[in-house]
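Enquirer: Sequence:
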Amino acid sequence: MQTDYPVWAVIPASGIGRRMLSERPKQYLSFCGKTILEHTLDRLLDCPLVHGAVLVLRENDPYWPTLNYRPAKPFHVTVGGEHRQDSVINGLSVLCDLFEDAYALVHDAVRPLVPQTDLIKLIESLKSTGHGALLGSPVADTLKKQNDQGFIEATVARDKLWRAFTPQLFDAEVLLDALQKARQSGQILTDDSAAIEMAGYQPLLVDGSSENIKITLPEDLQLAEIIWKKQLGVN
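Every letter in the sequence shown is one number past the one before it in my numbering, and letter 91, counting from 1, is 91.
Be aware that one or more of the hints could be misleading.
Below are the DSSO-like pairs computed for lysine-lysine, each with C-alpha atoms no more than 30 Å apart in a straight line [unchecked claim]:
| hint | residue 1 | residue 2 |
| --- | --- | --- |
| 1 | 73 | 230 |
| 2 | 229 | 121 |
| 3 | 214 | 229 |
| 4 | 34 | 121 |
| 5 | 214 | 145 |
| 6 | 34 | 229 |
| 7 | 127 | 160 |
| 8 | 127 | 181 |
| 9 | 73 | 34 |
| 10 | 144 | 214 |
| 11 | 160 | 121 |
| 12 | 145 | 160 |
| 13 | 34 | 214 |
| 14 | 73 | 127 |
| 15 | 181 | 160 |
| 16 | 230 | 121 |
| 17 | 73 | 121 |
| 18 | 160 | 214 |
| 19 | 230 | 34 |
| 20 | 214 | 121 |
| 21 | 214 | 230 |
| 22 | 73 | 214 |
| 23 | 127 | 214 |
| 24 | 229 | 73 |
| 25 | 160 | 144 |
| 26 | 214 | 181 |
Label pairs and their calculated CB-CB ranges [as the list claims (entries may be wrong)]:
| hint | residue 1 | residue 2 | range |
| --- | --- | --- | --- |
| 27 | 22 | 59 | 14 to 22 Å |
| 28 | 216 | 42 | 18 to 26 Å |
| 29 | 69 | 116 | 16 to 24 Å |
| 30 | 210 | 32 | 17 to 25 Å |
| 31 | 79 | 218 | 23 to 31 Å |
| 32 | 226 | 101 | 34 to 42 Å |
| 33 | 101 | 145 | 41 to 49 Å |
| 34 | 48 | 69 | 14 to 22 Å |
| 35 | 68 | 156 | 46 to 54 Å |
| 36 | 155 | 75 | 41 to 49 Å |
| 37 | 156 | 46 | 34 to 42 Å |
Keep in mind that the hints were calculated from the coordinates and are not lab data.
Quick caveat: nothing in here was measured; it's all calculated off a predicted structure.
A virtual CB, placed ideally from N, CA and C, is assigned to each residue, including glycine.
With the hints as constraints, model all of the structure from the sequences given.
Expert: Dropping the structure here:
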């Protein structure tokens, strides 16, 4: 199974994760024998359509060297920035120096459970879209808009509303340019697709698994262990 273009994972992993209430950044917390970050890297690099990875770390990260991680594919490490988008820009800059025509598979460091089938489906979607694509899921819950006093202002129609996941897959040079322009305009974005949309493109939404959780709170670690064991058929 091959693609006509190099696809590289870009993983921003310089965040602190204060909501986890831990002494160490949440990507370095462990479940099922490995850190979250190691699980995430393994999941991405195990995909046959991913050629390599660029990992973006906090400057002087004291935890990464202790892992002694040995990737099975080409692998580069660089330093992150103040905001997530700055870290992605730094990772993309490394990737664009390596290749002129690469695609960047940008993925949250704390989403270690993305199924291989979703990764392959997302990458193969490039055959039908030139604007990139991202994993997501249609909104199932009823949505309420809150006013400044904490009361419900309106019920929001959920038709055609999706939750955006990662990975998000775009031409690396196009995404780098879009993120740099967003930064120059003072925009602080919560995902990479927003920069592509601001540049006038319409990325494709690819339906992804609800197992692709983002580990944010302490109880998420317990759920991650349950999902991981289910995926691998471990009791």
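Enquirer: Please write out, lowest number first, the hints stated earlier that are contradicted by the structure.
Expert: Of the numbered hints given earlier, the structure breaks none, since each of them holds.
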